[in-house]
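Residue-level listing of the chains:
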Amino acid sequence: MPRVISYAEAVNEALRAEMLRDPEVILFGENVSSSWRPATKGMKELFGRERVRDAPITETAFIGAGVGAAVVGMKPVVELMLVDFGLVAMDQILNQMAKTTYMTGGAVNVPMVLRCIYGAGGGDAATHSETLYGLYAHMPGLKVAVPSNPYDAKGLLITAIRDSNPVVFFEHRLLGRMEGEVPEEPYTVPFGVANLVREGGDVTVVAAGRMVQEAAKAADTLKGEVSVEVIDPRTLVPLDEEAILRSVGRTGRLVVVDEDYERCGFTAEVAAVVAEKGFNSLKAPVARVANPNIPIPFNRNLERHVLPDADKIVRAIKSVVK
Amino acid sequence: MSSDLSDEQLLDLYRVMIRIRTFENGVKKLIDEGKCGHVSLSTGGEAVAAGVSAHLTAEDQIGSTHRPLGHLVAKGGDLNRMMAEIMAKSTGTNRGKGGPYHIFDKSVGALGANGIVGGSVPMCAGYALANQLRGNGNVAVSYFGEGASNQGGVQETLNLAACWGLPVVFVCENSSPEVQRMLGHEIDYPQLSIDNVGDRGATYGMPGATHDGWDVEKVYAVAGEAVQRARRGKGPSMLEFKIHRLGADEESPYCPVKCFRDRLMSRGVLTEGLDAEIRDAEANKVMEAIDFAVGSPEPELIDAHMGVFVEDD
Numbered sequence: 001m002p003r004v005i006s007y008a009e010a011v012n013e014a015l016r017a018e019m020l021r022d023p024e025v026i027l028f029g030e031n032v033s034s035s036w037r038p039a040t041k042g043m044k045e046l047f048g049r050e051r052v053r054d055a056p057i058t059e060t061a062f063i064g065a066g067v068g069a070a071v072v073g074m075k076p077v078v079e080l081m082l083v084d085f086g087l088v089a090m091d092q093i094l095n096q097m098a099k100t101t102y103m104t105g106g107a108v109n110v111p112m113v114l115r116c117i118y119g120a121g122g123g124d125a126a127t128h129s130e131t132l133y134g135l136y137a138h139m140p141g142l143k144v145a146v147p148s149n150p151y152d153a154k155g156l157l158i159t160a161i162r163d164s165n166p167v168v169f170f171e172h173r174l175l176g177r178m179e180g181e182v183p184e185e186p187y188t189v190p191f192g193v194a195n196l197v198r199e200g201g202d203v204t205v206v207a208a209g210r211m212v213q214e215a216a217k218a219a220d221t222l223k224g225e226v227s228v229e230v231i232d233p234r235t236l237v238p239l240d241e242e243a244i245l246r247s248v249g250r251t252g253r254l255v256v257v258d259e260d261y262e263r264c265g266f267t268a269e270v271a272a273v274v275a276e277k278g279f280n281s282l283k284a285p286v287a288r289v290a291n292p293n294i295p296i297p298f299n300r301n302l303e304r305h306v307l308p309d310a311d312k313i314v315r316a317i318k319s320v321v322k
Numbered sequence: 323m324s325s326d327l328s329d330e331q332l333l334d335l336y337r338v339m340i341r342i343r344t345f346e347n348g349v350k351k352l353i354d355e356g357k358c359g360h361v362s363l364s365t366g367g368e369a370v371a372a373g374v375s376a377h378l379t380a381e382d383q384i385g386s387t388h389r390p391l392g393h394l395v396a397k398g399g400d401l402n403r404m405m406a407e408i409m410a411k412s413t414g415t416n417r418g419k420g421g422p423y424h425i426f427d428k429s430v431g432a433l434g435a436n437g438i439v440g441g442s443v444p445m446c447a448g449y450a451l452a453n454q455l456r457g458n459g460n461v462a463v464s465y466f467g468e469g470a471s472n473q474g475g476v477q478e479t480l481n482l483a484a485c486w487g488l489p490v491v492f493v494c495e496n497s498s499p500e501v502q503r504m505l506g507h508e509i510d511y512p513q514l515s516i517d518n519v520g521d522r523g524a525t526y527g528m529p530g531a532t533h534d535g536w537d538v539e540k541v542y543a544v545a546g547e548a549v550q551r552a553r554r555g556k557g558p559s560m561l562e563f564k565i566h567r568l569g570a571d572e573e574s575p576y577c578p579v580k581c582f583r584d585r586l587m588s589r590g591v592l593t594e595g596l597d598a599e600i601r602d603a604e605a606n607k608v609m610e611a612i613d614f615a616v617g618s619p620e621p622e623l624i625d626a627h628m629g630v631f632v633e634d635d
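So the protein lines, in turn, are chains A and B.
Those letters in the first sequence? Residues 1 to 322, by the numbering used here.
Those letters in the second sequence? Residues 323 to 635, by the numbering used here.
Hints are computed from structural coordinates only; laboratory data are not their basis.
Hints may be right or wrong, so weigh each one.
What the hints assert, rightly or not - Below, simulated SDA-like cross-link-like pairs (lysine to any residue); rule was C-alpha separation at most 25 Å, straight line:
hint, chain 1, residue 1, chain 2, residue 2
1, A, Lys44, B, Gly487
2, B, Lys540, B, Gly569
3, B, Lys351, B, Gly487
4, B, Lys428, A, Arg49
5, A, Lys283, A, Ala194
6, B, Lys556, A, Arg49
7, B, Lys540, B, Val591
8, A, Lys277, B, Val630
9, A, Lys44, B, Lys351
Keep in mind it's a predicted model, so treat the numbers as computed, not measured.
Model the full structure from these sequences, guided by the hints.
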């Protein structure tokens, strides 16, 4: 019988497997030794407080320390308790982590993973709920992985840790308890290869992270009415443009869904790729379902109001197939 | 002050200082002739770079600033490839993609200059963390200026290094010891709330002190203690050195080269003849570096597209 574990447990297994495999893999961040955090639970006990260490609440210092450790060849996995907190450490992330490889002409590289917990839906307002992967994907030099399910969480994280480049790895806070089939042994999910979540012929829906579940729900809601194809790119950098273009080539219609801000973000990027390279196959304007450039409000009703969900995706699909 | 250094060690320090000054004077000449773009020189800081690096091996790391040339030369950086990088050539340390503000020479642990004020300091904690975990006894030295000492990342890193007991030495070069300046200009409000940055060490739980940075023997002595402390696993220290940013000549009483030369002459360690010999030898190295850089090709346009990511096998 296939084994079922949670998304957070899958992350934990990936970390554990890589730390067992490679003594140069180290883990640090705020509270990573805590027993109440499932993604890192038991790691300190297994690997000791040297390799699994708590950092002071100083993101610039400890993210920068991750960059430095990576420059001299270690494989740091640095945890950002919430992606929003990374905004105080932009120099270390967007200058040092992202650009050092290029600026040194390859004299050094930065094999580091920055694990970011992200996402809205918890009623925590705009400094504890953001998505922000568009911000990181914008900067040349960073790979960006956005697993939408437990299987991908484990496989993408192992790929990320083995990558010689800096990877920003996004774990949605509401997906932590999501369960799914996950093999016990270590395995990799390659970067830049999209996952076909639902097959369909009328419209292509591209969604990342938690929005993949909402897009799948929308597809299931419309079963028998509209045949919806759902594509999960799994990594935003590199982006599997081919899979998106192939699908739109068959369906002729595109809806892009994203929890991140709409302006200059992932939805804009996918729409631009299709406009540039797949324009002739489009039968209708591209539709986007994203946060309409509004900081996440605290009030739950207001928060729901600005976030994409299955109902909004259904409406967008109907608008492009009508 | 006198030290326990042998004559040969004293002369080695002197050679490094002359190498830095000659290299930077060479760069200044290239700037004046319009042969390279803007470069921030470290003239006046030679004693700090030489006195600190004398305690370091190629396995020890340094992180530097936007005035990195002295630090990099003292660490043993390849003069030819550094000069080529300054001239944006394909043979440069960074293949012409980083420029003087971002020179890295990994082969000697020069990890690296940095264009962001204070930007290299958190990374030095990472070098030190790797040293600590690997148990190799290596030490990281983090150079920054008095302006950078106010940056959040620098203060955060002082705290982190103390919390984790990291083998790192923080070296602050304060180039405005009497009148507070920013970019060479006097400023209406002070940028430091205290006189001595070295005093900040204590507030982060590490030894901190302030010294004259134009006296290479003093620098050598106090840096030796801090580096040894880090090597023995006793944790970080902070050293502040007051220096004066100078021109190419050696007239100022704060010129580290002049101070040291006069002292070595009076002790009979250095003679006019030996001094000329040392300067000629260093000038030849710098001339060779300039020839190498001038004779090197520009990068190909296609190179702009390469190396954003490292290819994995």
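Index of numbered hints that the structure contradicts, given in increasing order: 3, 4 and 9
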